[in-house]
Amino acid sequence: MEHQTPSPDTREHLVVIGNGMAGCRAVEELIARDPTRYRVTIFGAEPHVNYNRIMLSPVLAGEKTFEQIVINDHAWYATNTIELVTSDPVQAIDRAAKTVTARSGLTVSYERLLIATGSDPFIIPVPGKDLPGVISFRDMADVDHMLEAAGKGGAAVVIGGGLLGLEAAHGLTLRGMKVTVIHLMPTLMERQLDEAAGWLLKSALEARGQVILTEANTAEIVGDTHVEGVLLKDGTVIPASLVVMAVGIRPSVALARDAGLEIGRGIKVDDHMVTSDPSILAVGECVEHDGNVYGLVAPLWDMCRALANGLTDSHSGYRGSVTSTKLKVAGLDVFSAGDFSGGGACEDIVLRDASRGIYKRVVVKDDRIVGAVLYGDTTDGGWYFDLLKRAEDIAPIRDMLIFGQSFASGGGAADPKAAVAALSDDAEICGCNGVTKGKVVACIGAGNTTLDAVRATCKASASCGSCTGLVETLLAVTLGDEYSGERLVKTMCKCTSFGHDDVRREIVAQGMRSIPEVMQKMSWSTPDGCSSCRPALNYYLLCALPGDYKDDQQSRFVNERLHANIQKDGTYSVVPRMWGGLTNPRELRAIADVVEKYDAPMVKVTGGQRLDIFGIKKEDLPAVWADLNAAGMVSGHAYGKSLRTVKTCVGSDWCRFGTQDSTGLGVKVERMTWGSWMPHKFKIAVSGCPRNCAEATIKDFGVVCVDSGYELSVGGNGGMKVRATDFLCKVATEEEAMQYCAAFIQLYREEARYLERTAPWIERIGVEYIRERIAEDPEGRDALAARFLFSQQFTQDDPWAARAAGEHREQHAPMARFTPIDGTREMA
Amino acid sequence: MIGEWLDIGWVDEIPVRGSRTVQVTGGGDIAVFRTGDGKVFALADRCPHKGGRLSQGIVHGGAVACPLHNWRIALDTGEALGEDKGCTPVIPVKVSGGRVLLCRTATMKAAA
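First to last, the sequence lines map onto chains A and B. No gaps in the numbering here: position 300 of the first sequence is 300 in my numbering, and each next residue is one more. No gaps in the numbering here: position 31 of the second sequence is 859 in my numbering, and each next residue is one more.
Treat the hints as calculated values from the structure; they're not laboratory data. Beta carbons are placed, not taken as given, at the ideal position from N, Cα and C, and that holds for glycine. Treat the hints with caution; some may be incorrect.
[Said to hold, decoys possible] Residues from chain A shown here face chain B by an in silico Cβ test under 8 Å; the list is partial:
no. : residue
1   : E190
2   : E195
3   : C346
4   : D348
5   : S525
6   : D551
7   : F557
8   : N565
9   : I566
10  : A816
Work the whole structure out from these sequences, hints included.
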């Protein structure tokens, strides 16, 4: 074993393991306090001098060279008589002998030892992870590797949609590679950004040509001698000649653990960064302080200061760090700080500016800022963070807080009304429609004294709506006390200033494709909506984009999520479909068997000619469905905002008055319409004669068969306010009856507001309008019916069958069970 | 300290803006929620109003809407929001290394 020749320098010897940002910064801090006290030796695993690891991304992107990211060059080591050992990682610490031994065999003794080993990239344990071409993004060698691969062109996959992964993807894209990012979570950078900001980031990256796959789970990295692609758990294969794994980092503690130091998630240190061995210190990403580990630079600087204070006997100590993240991700500005989860006594102040791609959210609790997320414009990040750290009372500037420091601290004139009043007539109010303040004021002066009137006349605030507040302020400034401030249209919910119709219209007009997109473009005032708007938006998107929109389970009411009706005791009731009210011995037996097997306390005939099985436990639902499926029955959608049932009488086959095959027609209509999602529940009935045994004249769509054909009527219900149908028209054939039915349903699906049944809808718009669209416009009718039938091909799958086969099974089983035994509590 | 926290599984097993339950034999269920921005909370799985299963409600922001009568309950304090008054027991929860841990004593107390 090679030993270092004894040094003539008799100062206390400080050995530093790690030539990275933390190790060198600690030495810098030490030198700043007392340049003569220690003799310093630094071991680095890499062949380089100390460089700025955070700047690897610009090197990859070609914006900087390695020389430009060096923090301390060779001269610094020489000037401060620091001995630097490169390319020789330390492999053992002997605490008894107080020596460290490196890979080359070099052994050095120390009086004080500083461990600054940082983190190791986390490699997900999938088959193929060791193939050539699979790399992490951690050091200069990784960058060289990526540059070499990019030189050959082709495709790359980046696993991990956190900061590091997105930086790698950005660099590789700039270097000419076709890049796909795979992210396990539903939104990018979910630790730093909330859903809205994550969505904006994803949209911006996609606009630059990257493919971003969220909720994508890597199953395997494929290839024989070199990476050829990535296989996802859903079976998708993405070809790639380079795979960058950037899923996270872990404190590098192996060396410290082998030396017997106390380890938690990182190497445990006290307030002066001293480990469980008083001669050994540790600093940076490899340590755990007070239960926390840090992966950011700012805490690291705090730690280095505390460490240097301790080493030079000027005690102050590290008390942990409140962190903020201000980043340029692939050239896009994002910022987050503190706790932005919200909820409880927290209030969200949200500003969304769709046309400029800006999102700002400040979370306030008891008049103090507790968190913030900014996207697109991060200039005020530091100000918010400062207010947060100082726990400043923001009540006096609350109205202006979200507009930023320059606005909020605008002295005595800091009244938003005054600010708007002071704008010049040329100032643009509505960016979407190019409307100036002068035009808006003129429009108001011409007698348009409500927001809706202004929107209709001069188009200000009529598109994305982000200037709604400004227009309302102008109304208030121009009209003074005359302006009531209240809109005539009822808004969808407290999260938006738009009504249902506005939202529906804009979804279609702007081609919006997801809930976060609607919330951003229409300036939602909450981060992720509420239990009123989320189900409505989910429905509107589903209706606008049949077969294309990915249904959001978490935006559905429990009945639709579990495909059964929740009852007051938390159990569920289950209604299988009985086509046109018909059944047979096999179905009846299966229902009887289910009632017995699952101990259902009640089974009941419903008003819609079906059997309802009550008292089924949530965890038994899949088994119940499987049993009913086995007898050929499918879900009756008795729980959904959807087609419920088609009620029939017995018709001409049996009844002495029956004029047509009403039962047969009912079955056909139900086969055509089942599975469709609607603004509200929807019921159909077909009666065989005007005696109307199927009660067709109080259904959403009713058919009364007569000798000469079929009388169609719409808009009835037996709800809280009973309403008989309005007569629509009479048709001659079954085919026409079906065509008109499909067209009417589609008109309702496309134009009614969510949770509005056909009866109030028709009273609102007038039955004349329905007649114009359905009875008097053959082309329009056919187009409506065609759109309905097109969307039906995507929804006529039995949801029970999918659930019984195990889809979303986690919604039925508890996550864990505990059984307390004899006072001690044990896990079952 | 051993045994003070109950390990109930991976955080990824809880759907985002959704929840899972934990059953306690001889007691009520615990509802474990995950919000849109990845925070995890746990409450007794019963609404202070009429005992509705909060685990089956729609999670929005930091609150859940009860599926029975749409009361909104704050996930961090268990308090009913808006005009409603009432409180659901909160179970301290932490996530460590991707695992969800519930406070043992509070879990047993809330389930009782």
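Hint-by-hint comparison with the structure:
1. E190: holds, 5 Å
2. E195: holds, 5 Å
3. C346: Given a least distance of 6 Å, the restraint on A:C346 holds.
4. D348: holds, 7 Å
5. S525: With a closest approach of 11 Å, the A:S525 hint is violated.
6. D551: Given a least distance of 13 Å, the restraint on A:D551 is violated.
7. F557: holds, 7 Å
8. N565: Violated, because the Cβ-Cβ distance from A:N565 to chain B comes to roughly 11 Å (cut-off 8 Å).
9. I566: holds, 5 Å
10. A816: holds, 4 Å
In this structure, the hints that do not hold are numbers 5, 6 and 8, in rising order.
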